[in-house]
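Protein chains: 2
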Amino acid sequence: MKCNEAYTRRVFLRNTGLFAATAGITLAASGLPKFATPAAAKSYDKWPYTKLNMDEVANIAYENYMDLFCTSTVLKGIFTPLANSVGSPYKTFPVESMKWAHGGIAGWGTVCGTLVGASTAIGFITGDTDTTEAMSNDLMFYYANTVLPGFKPAKGKWAEIKNTTKAGTPMCHISVGRWMQEEGVAFLSNERGERCARVAASIAAKTAEMLNAWDAAGGKYTPVNTPLANVMTNGITSQNNCTDCHGKDVPKPIMAAGKKD
Amino acid sequence: MKCNEAYTRRVFLRNTGLFAATAGITLAASGLPKFATPAAAKSYDKWPYTKLNMDEVANIAYENYMDLFCTSTVLKGIFTPLANSVGSPYKTFPVESMKWAHGGIAGWGTVCGTLVGASTAIGFITGDTDTTEAMSNDLMFYYANTVLPGFKPAKGKWAEIKNTTKAGTPMCHISVGRWMQEEGVAFLSNERGERCARVAASIAAKTAEMLNAWDAAGGKYTPVNTPLANVMTNGITSQNNCTDCHGKDVPKPIMAAGKKD
Numbered sequence: 009m010k011c012n013e014a015y016t017r018r019v020f021l022r023n024t025g026l027f028a029a030t031a032g033i034t035l036a037a038s039g040l041p042k043f044a045t046p047a048a049a050k051s052y053d054k055w056p057y058t059k060l061n062m063d064e065v066a067n068i069a070y071e072n073y074m075d076l077f078c079t080s081t082v083l084k085g086i087f088t089p090l091a092n093s094v095g096s097p098y099k100t101f102p103v104e105s106m107k108w109a110h111g112g113i114a115g116w117g118t119v120c121g122t123l124v125g126a127s128t129a130i131g132f133i134t135g136d137t138d139t140t141e142a143m144s145n146d147l148m149f150y151y152a153n154t155v156l157p158g159f160k161p162a163k164g165k166w167a168e169i170k171n172t173t174k175a176g177t178p179m180c181h182i183s184v185g186r187w188m189q190e191e192g193v194a195f196l197s198n199e200r201g202e203r204c205a206r207v208a209a210s211i212a213a214k215t216a217e218m219l220n221a222w223d224a225a226g227g228k229y230t231p232v233n234t235p236l237a238n239v240m241t242n243g244i245t246s247q248n249n250c251t252d253c254h255g256k257d258v259p260k261p262i263m264a265a266g267k268k269d
Numbered sequence: 009m010k011c012n013e014a015y016t017r018r019v020f021l022r023n024t025g026l027f028a029a030t031a032g033i034t035l036a037a038s039g040l041p042k043f044a045t046p047a048a049a050k051s052y053d054k055w056p057y058t059k060l061n062m063d064e065v066a067n068i069a070y071e072n073y074m075d076l077f078c079t080s081t082v083l084k085g086i087f088t089p090l091a092n093s094v095g096s097p098y099k100t101f102p103v104e105s106m107k108w109a110h111g112g113i114a115g116w117g118t119v120c121g122t123l124v125g126a127s128t129a130i131g132f133i134t135g136d137t138d139t140t141e142a143m144s145n146d147l148m149f150y151y152a153n154t155v156l157p158g159f160k161p162a163k164g165k166w167a168e169i170k171n172t173t174k175a176g177t178p179m180c181h182i183s184v185g186r187w188m189q190e191e192g193v194a195f196l197s198n199e200r201g202e203r204c205a206r207v208a209a210s211i212a213a214k215t216a217e218m219l220n221a222w223d224a225a226g227g228k229y230t231p232v233n234t235p236l237a238n239v240m241t242n243g244i245t246s247q248n249n250c251t252d253c254h255g256k257d258v259p260k261p262i263m264a265a266g267k268k269d
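As they're listed, the protein sequences go chains A and B. Residue 269 is where the first sequence ends in our numbering, and the numbering goes up by one at each step. Residue 269 is where the second sequence ends in our numbering, and the numbering goes up by one at each step.
Any given hint could be a false lead.
As the list makes no split between identical chains, a pair holds if one copy fits it or if it spans any two.
Unchecked claim - Quick list of in silico lysine to aspartate or glutamate cross-link-like pairs, DMTMM-like style, CA-CA up to 20 angstroms:
id, residue 1, residue 2
1, Lys-165, Asp-146
2, Lys-59, Glu-168
3, Lys-260, Glu-64
4, Lys-50, Asp-75
5, Lys-260, Glu-190
6, Lys-50, Glu-71
7, Lys-170, Asp-53
8, Lys-256, Glu-71
9, Lys-54, Asp-223
10, Lys-99, Asp-53
11, Lys-170, Asp-146
12, Lys-228, Asp-63
These are calculated hints, taken from the structure and not from any lab test.
Could you build all of it, start to finish, from the sequences and the hints given here?
Here it is, written out as structure tokens:
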């Protein structure tokens with residue numbers, strides 16, 4: 009669901025300048041208020057990268073899900089082939105150290121842990137804050153708007169499942185809840201575990217695809233979606249499913265710095 | 009706000025066995041369904057630790073907020089003193105690589121980025137998945153139930169602000185939205201930046217306090233809150249503010265594995 013359209017259009021028009029300022033990969037735009045103009049994109053030592061086989065990445069993420077859960081198994085899927093081809097630092101990085109992000113951070117149902125694992129890997133590999141932000145943002149959009157899981161093993165490792173669903177959000181709680189309702193199973197079921205293992209495989213593979221494209225383009229990434237568009241359009245960090253929680257009473261945030269709307 | 013009480017009690021009683029199974033730090037409990045009984049807690053090489061000065065950690069996190077945003081500045085606050093006392097791997101870790109988690113992951117308003125930075129640091133330092141999960145879970149509770157920011161500099165670096173608020177959730181969107189409403193300012197304002205810089209300082213200091221206690225106890229951590237209690241009580245990854253989004257119509261998830269409720 010989209011935010012109240014009239015409201016969104018009004019806010020959008022008022023912020024067209026700000027919005028346009030983010031219409032590239034450069035986030036340190038001159039049209040932003042002082043506080044939102046931090047130093048330009050930061051580059052740092054990136055980890056060596058070699059092209060990934062998407063099927064291999066997906067299979068490793070899937071096979072290790074029950075042992076590692078969503079975040080760490082995505083890291084395992086991406087880092088294992090790179091540990092083989094490149095070695096350190098992939099070889100020594102403890103993918104288990106990020107297990108806490110499973111289930112929307114220790115089971116709190118916020119962001120799907122697969123996206124935390126994927127973005128962490130992207131951050132190490134691209135060596136650039138703005139590139140990572142753009143890819144992470146595109147992954148959030150992809151997760152919210154794609155029927156998942158796309159990955160389907162020849163035979164379910166823990167259970168056979170029937171349904172795939174579109175979450176409409178990157179939130180674990182809503183994503184898994186919508187699927188549980190379709191499938192008619194409990195959270196603490198092998199079916200739900202199987203589903204999340206397949207989602208982890210799907211997101212790991214998508215991340216590998218994005219990284220391969222970035223690598224093939226000589227370390228350049230063309231964003232599919234405008235970074236920070238949600239913030240600029242809605243006047244607050246947000247998704248695009250306002251009515252999911254607010255119903256018809258979507259609040260009108262203050263849009264101009266320091267002034268009541 | 010709490011979930012519908014009658015509902016919660018009913019579910020809670022039905023799941024007392026499961027709930028009790030998590031009433032310690034050991035998450036791999038025998039009372040859980042097969043899928044939820046992964047291998048026991050994983051230990052891995054932990055990063056060397058020396059006691060942190062909470063004020064120093066808070067000040068570094070605060071000072072670097074505008075440059076790094078919430079996640080990376082919490083990492084900077086914790087890692088800078090450790091880089092000085094211990095050296096590698098703190099010295100070479102690119103804290104900027106996690107900047108993408110700001111604003112609830114690239115501005116999507118999900119989990120507050122300070123909690124991602126804090127949990128990432130905890131994961132490297134404790135070297136144990138269950139200890140990290142318990143500390144991350146306690147931080148989520150702390151963030152949701154504490155009036156923030158607690159950190160107050162002698163003079164605001166970017167603005168002076170008046171209000172402190174309790175989010176009731178670890179979600180960036182709701183946390184910052186409630187504060188913006190109290191303060192009467194826009195998201196893209198220096199006041200909001202100042203507030204989030206102080207929240208980052210507060211969470212970084214709390215993390216240092218928890219790590220110091222863990223270290224002083226010889227690497228043992230006593231959870232304040234039961235890990236995975238939200239999952240066990242609500243039958244899905246979740247918070248405890250169900251009515252915030254669901255109103256009076258809090259859905260009843262299927263609780264028994266493989267069966268409709």
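Numbers of the earlier hints that this structure fails to satisfy, in rising order
Of the numbered hints given earlier, those the structure breaks are 1, 2, 3, 7, 8, 11 and 12, listed in rising order.
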